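Visitor: As they're listed, the protein sequences go chains L and P.
Taking numbering that gives the first Met the number 0, the leading residue of the first sequence gets 0, the next gets one more, and so forth.
Taking numbering that gives the first Met the number 0, the leading residue of the second sequence gets 0, the next gets one more, and so forth.
Each hint should be verified, as a subset may be incorrect.
[What the hints assert, rightly or not] Below, simulated DSS-like cross-link-like pairs (lysine-lysine); rule was C-alpha separation at most 25 Å, straight line:
#1 L:K142 with L:K184
#2 P:K126 with L:K375
#3 L:K160 with L:K209
#4 L:K372 with P:K20
#5 P:K78 with P:K54
#6 L:K405 with P:K141
#7 L:K184 with L:K138
#8 L:K37 with L:K390
#9 P:K20 with L:K405
#10 P:K141 with P:K87
#11 P:K20 with P:K54
#12 L:K372 with P:K141
#13 P:K98 with P:K20
#14 L:K372 with P:K78
#15 L:K323 with L:K295
#16 P:K142 with P:K54
#17 P:K80 with P:K140
#18 L:K323 with L:K375
#19 L:K245 with L:K132
#20 P:K78 with L:K405
#21 P:K21 with L:K375
#22 L:K375 with P:K20
#23 L:K44 with L:K164
#24 P:K21 with P:K97
#25 L:K209 with L:K317
#26 L:K317 with L:K245
#27 L:K209 with L:K140
[Stated by the list, open to error] Over 10 Å on every C-beta distance to chain L, these chain P residues come out as not near it, computed from the model:
#28 L2
#29 S36
#30 D40
#31 Q67
#32 R124
#33 K142
Please keep in mind that the hints were generated in silico from the structure rather than gathered at the bench.
Note that the coordinates shown come from a computational prediction; the quantities given were computed from them, not determined experimentally.
Where a beta carbon is used, it is the ideal one built from N, C-alpha and C, also for glycine.
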Amino acid sequence: MISFDVERIREDFPTLNEKVNGRTLVYLDNAATTHKPKYVLDAIKDYYERFNANPNRGAHYLGVSATELYEGARERVRQFINARSTREIIFTRNATEALNLIAYSYGLKYIDEGDEIVVLISEHHSNIVPWQKIVQTKKAKLKYIYLNEDFRLDMEEVSIKITDKTKIVSLAQMSNVLGTIYPVKKIAEYAHSKGAIVIVDGAQSVPHMKVDVLDLDADFLVFSGHKMLGPMGIGVLYGKEEFLEKMPPFLMGGDMIEYVEEQSTTFAELPRKFEAGTPNVEGAVGLKAAIDYIEKIGFENIQRQEEELTAYALERLKEMPYVKIYGPLDMEDRGAVISFSLEGCHPHDVATIVDTYGVALRAGHHCAQPLMKYLKAPATSRVSFYFYNTKEEVDIFIDSLSKVRKWLGYGS
Amino acid sequence: MDLNQLYTELILEHSQSGHNKKHLEDANCIERGHNPSCGDDITLELVCTDDGKIKDASFTGVGCAISQASTSIMIDLIKGKTKEEAEKLADIFLSMIKKEITDDEELEVLEDAIVFKNISNMPARVKCAVLSWHTLKESIKKKDSR
Numbered sequence: 000m001i002s003f004d005v006e007r008i009r010e011d012f013p014t015l016n017e018k019v020n021g022r023t024l025v026y027l028d029n030a031a032t033t034h035k036p037k038y039v040l041d042a043i044k045d046y047y048e049r050f051n052a053n054p055n056r057g058a059h060y061l062g063v064s065a066t067e068l069y070e071g072a073r074e075r076v077r078q079f080i081n082a083r084s085t086r087e088i089i090f091t092r093n094a095t096e097a098l099n100l101i102a103y104s105y106g107l108k109y110i111d112e113g114d115e116i117v118v119l120i121s122e123h124h125s126n127i128v129p130w131q132k133i134v135q136t137k138k139a140k141l142k143y144i145y146l147n148e149d150f151r152l153d154m155e156e157v158s159i160k161i162t163d164k165t166k167i168v169s170l171a172q173m174s175n176v177l178g179t180i181y182p183v184k185k186i187a188e189y190a191h192s193k194g195a196i197v198i199v200d201g202a203q204s205v206p207h208m209k210v211d212v213l214d215l216d217a218d219f220l221v222f223s224g225h226k227m228l229g230p231m232g233i234g235v236l237y238g239k240e241e242f243l244e245k246m247p248p249f250l251m252g253g254d255m256i257e258y259v260e261e262q263s264t265t266f267a268e269l270p271r272k273f274e275a276g277t278p279n280v281e282g283a284v285g286l287k288a289a290i291d292y293i294e295k296i297g298f299e300n301i302q303r304q305e306e307e308l309t310a311y312a313l314e315r316l317k318e319m320p321y322v323k324i325y326g327p328l329d330m331e332d333r334g335a336v337i338s339f340s341l342e343g344c345h346p347h348d349v350a351t352i353v354d355t356y357g358v359a360l361r362a363g364h365h366c367a368q369p370l371m372k373y374l375k376a377p378a379t380s381r382v383s384f385y386f387y388n389t390k391e392e393v394d395i396f397i398d399s400l401s402k403v404r405k406w407l408g409y410g411s
Numbered sequence: 000m001d002l003n004q005l006y007t008e009l010i011l012e013h014s015q016s017g018h019n020k021k022h023l024e025d026a027n028c029i030e031r032g033h034n035p036s037c038g039d040d041i042t043l044e045l046v047c048t049d050d051g052k053i054k055d056a057s058f059t060g061v062g063c064a065i066s067q068a069s070t071s072i073m074i075d076l077i078k079g080k081t082k083e084e085a086e087k088l089a090d091i092f093l094s095m096i097k098k099e100i101t102d103d104e105e106l107e108v109l110e111d112a113i114v115f116k117n118i119s120n121m122p123a124r125v126k127c128a129v130l131s132w133h134t135l136k137e138s139i140k141k142k143d144s145r
């Protein structure tokens, strides 16, 4: 672990030094996607300049190099999340595709009429819509675990919703709207005691904290590369080998086969059974570089910086009249995402106004319409930090936010 | 874009006054319009007469200042017009946003709605401004096919 110097770190990220509307960018939309350090960009460029070839085929030098880089990235991901074997690491486009893979492959095979699938009310659409499709097809039931007043969940509600009929429990480790970090390990233990499998959506957690699939005892874990300094278009599905072995392939085509006859095919071994077509080597190389970079910074440093920023932003927001925060108000089990509303001001107007001060934040329903309905909020504004953000940026954000109501014609 | 050009007095007045925001008891043409990405969600209510006139109009729903003001200004404009005239105005408005019509004289018929001309320079907000006009066109189309 190196000593943490945020100004030094910011020099690694070209985008952070861009000007927006004549001002230095204040990027607070990291839950949507993060920026990329030069180390990642260089790794991708280097791959194309020196090694580009289609992996897994051809005996020429570059083909072998590309295969080694691609498989090397898989091994790096395995270490990163502490999986037992690279057979358990499948590359996908993103977390959404990984969830679809599980739904269509595992869900269609193992969900029967009357079975139940349980999710949290705060799930991203990617962890709701595929399950709706499965329960409609299979005449099963989709059930929601609701939250407490403080935007956290209690185990009593968990034990009411997860029953002997529950076959799948699928939940985000951290909410992309509320910032709540859920007790996944405890929920997994309970779900397993009822005979259900547990899918963890790590899109918001894996970039920010050490996630150990063995410690969590997750049956599946999904995450996206682009939310953790990597390029877009690469994601990861981790699955316990015993489940992946018995699941049918999701996409069919080249690379995922063993023997193809005119009328039938046998499939490749794991993990290639689930990776049809030419893979995203560029993405895998970029993701590996991103993991290298993150581990060089160290999760201890990442979490300390994010906690400091989030606590400070919460404190400043709480001082502001007209601000309502959707999410835990203290730092216990809480990540670096804050959703809020400004009385009388629609989030879209808020986003447009602070944008003119260089501040990038997210407005809307954050791909969580059922949650917004549950919160009775048509939309919210959201800021989300990464380790490269600074306290000064929080100040600029708060200053710009304090001007919004005036622009919209309110006295203060 | 300068915020002064976006959040003009006229737009703020319409987004906050709510004089067109209500239910109409005798509405016979009701259409919901929705921007799924940002959550703007309006329902346009029209009272259409047998001879094809829009006798009254109103809206309900939630959205940003731009979508609310655009809806309210549109309602002021189409009240008393025939459905054909209203449809024509919607086409001119949408052409203005797409910069297909830029001549101010040609845009004069839009009256106050011309205030949204500059929104074409703000791609992120275009859909807020056009929501009500698309909803109006959809509403008339459905009414006519009934």
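Visitor: Hints first: check each against the structure and report whether it holds.
Guide: Now for the hints, and whether the structure bears them out:
Proposed proximity of K142 (chain L) and K184 (chain L) is supported: the alpha carbons are some 20 Å apart, at most 25 Å. A C-alpha spacing of about 23 Å is found between K126 (chain P) and K375 (chain L), which places the hinted pair at or below 25 Å, so the restraint holds. This hinted pair does not check out: K160 (chain L) and K209 (chain L) have alpha carbons roughly 28 Å apart, beyond 25 Å. As the CA atoms of K372 (chain L) and K20 (chain P) are separated by approximately 22 Å, the hinted pair is consistent with the 25 Å bound.
For the proposed pair K78 (chain P) and K54 (chain P), the alpha carbon gap of about 6 Å is at most 25 Å, so the pair holds. The suggested pairing of K405 (chain L) with K141 (chain P) is violated, with an alpha-carbon distance near 41 Å, which exceeds 25 Å. For a cut-off of 25 Å, the pair hint linking K184 (chain L) to K138 (chain L) is broken: about 29 Å separates their Cα positions. Between K37 (chain L) and K390 (chain L), the direct Cα distance comes to roughly 23 Å. Compliance with the 25 Å bound is thereby established for this hinted pair.
About 23 Å separates the Cα atoms of K20 (chain P) and K405 (chain L), which keeps this hinted pair within 25 Å; it holds. For the hint pairing K141 (chain P) with K87 (chain P), the CA-to-CA distance comes to about 16 Å; that is within 25 Å, so the pair holds. The hinted pair formed by K20 (chain P) and K54 (chain P) meets the criterion: a straight-line CA distance of about 16 Å does not exceed 25 Å. Proximity of K372 (chain L) to K141 (chain P) is assessed by CA-CA distance (about 29 Å); at most 25 Å being required, the pair is judged violated.
About 29 Å separates the Cα atoms of K98 (chain P) and K20 (chain P), which puts this hinted pair outside 25 Å; it is violated. A distance of roughly 33 Å separates the Cα atoms of K372 (chain L) and K78 (chain P); the hinted pair therefore is violated under the 25 Å criterion. This hinted pair does not check out: K323 (chain L) and K295 (chain L) have alpha carbons roughly 37 Å apart, beyond 25 Å. Pair hint K142 (chain P) plus K54 (chain P) holds up; C-alpha atoms about 14 Å apart against a cutoff of 25 Å.
Among the hinted pairs, K80 (chain P) with K140 (chain P) is consistent with the structure: their alpha-carbon atoms are about 16 Å apart, no more than 25 Å. A distance of roughly 13 Å separates the Cα atoms of K323 (chain L) and K375 (chain L); the hinted pair therefore holds under the 25 Å criterion. Of the supplied pair hints, the one linking K245 (chain L) and K132 (chain L) holds, its CA atoms being roughly 21 Å apart against a limit of 25 Å. Straight-line distance between C-alpha atoms of K78 (chain P) and K405 (chain L) comes to about 32 Å, which puts the hinted pair past the 25 Å bound.
Distance check on the hinted pair: K21 (chain P) and K375 (chain L) sit about 20 Å apart at the alpha-carbon level, within 25 Å; holds. At roughly 20 Å between alpha-carbon atoms, K375 (chain L) and K20 (chain P) fall within 25 Å of each other, so this suggested pair holds. Distance restraint check for K44 (chain L) and K164 (chain L): the Cα-Cα separation of roughly 50 Å exceeds the 25 Å cut-off, and the hinted pair is therefore not satisfied. The hinted pair formed by K21 (chain P) and K97 (chain P) fails the criterion: a straight-line CA distance of about 30 Å is larger than 25 Å.
A threshold of 25 Å between alpha carbons decides the hint, and for K209 (chain L) with K317 (chain L) the separation of about 29 Å lies outside it, so the pair is violated. Under the criterion of a C-alpha separation no larger than 25 Å, the hint pairing K317 (chain L) with K245 (chain L) is inconsistent with the structure, at around 51 Å. Annotation: proposed proximity of K209 (chain L) to K140 (chain L) is violated, straight-line Cα distance about 33 Å (limit 25 Å). With a least CB separation of 6 Å from chain L, L2 (chain P) falls inside the 10 Å interface cut-off, contrary to its annotation.
A cut-off of 10 Å between C-beta atoms contradicts the statement that S36 (chain P) is not in contact with chain L; the least separation is 6 Å. The Cβ of D40 (chain P) sits about 7 Å from the closest Cβ of chain L, inside the 10 Å cut-off, so the non-interface label is violated. A beta-carbon of chain L is positioned within 10 Å of the beta-carbon of Q67 (chain P); the least distance is around 8 Å. Some Cβ of chain L comes within 10 Å of the Cβ of R124 (chain P); the nearest lies about 6 Å off, and the non-interface call is violated.
For K142 (chain P), the non-interface assignment is confirmed: its Cβ lies about 27 Å from the closest Cβ of chain L, beyond the 10 Å cut-off.
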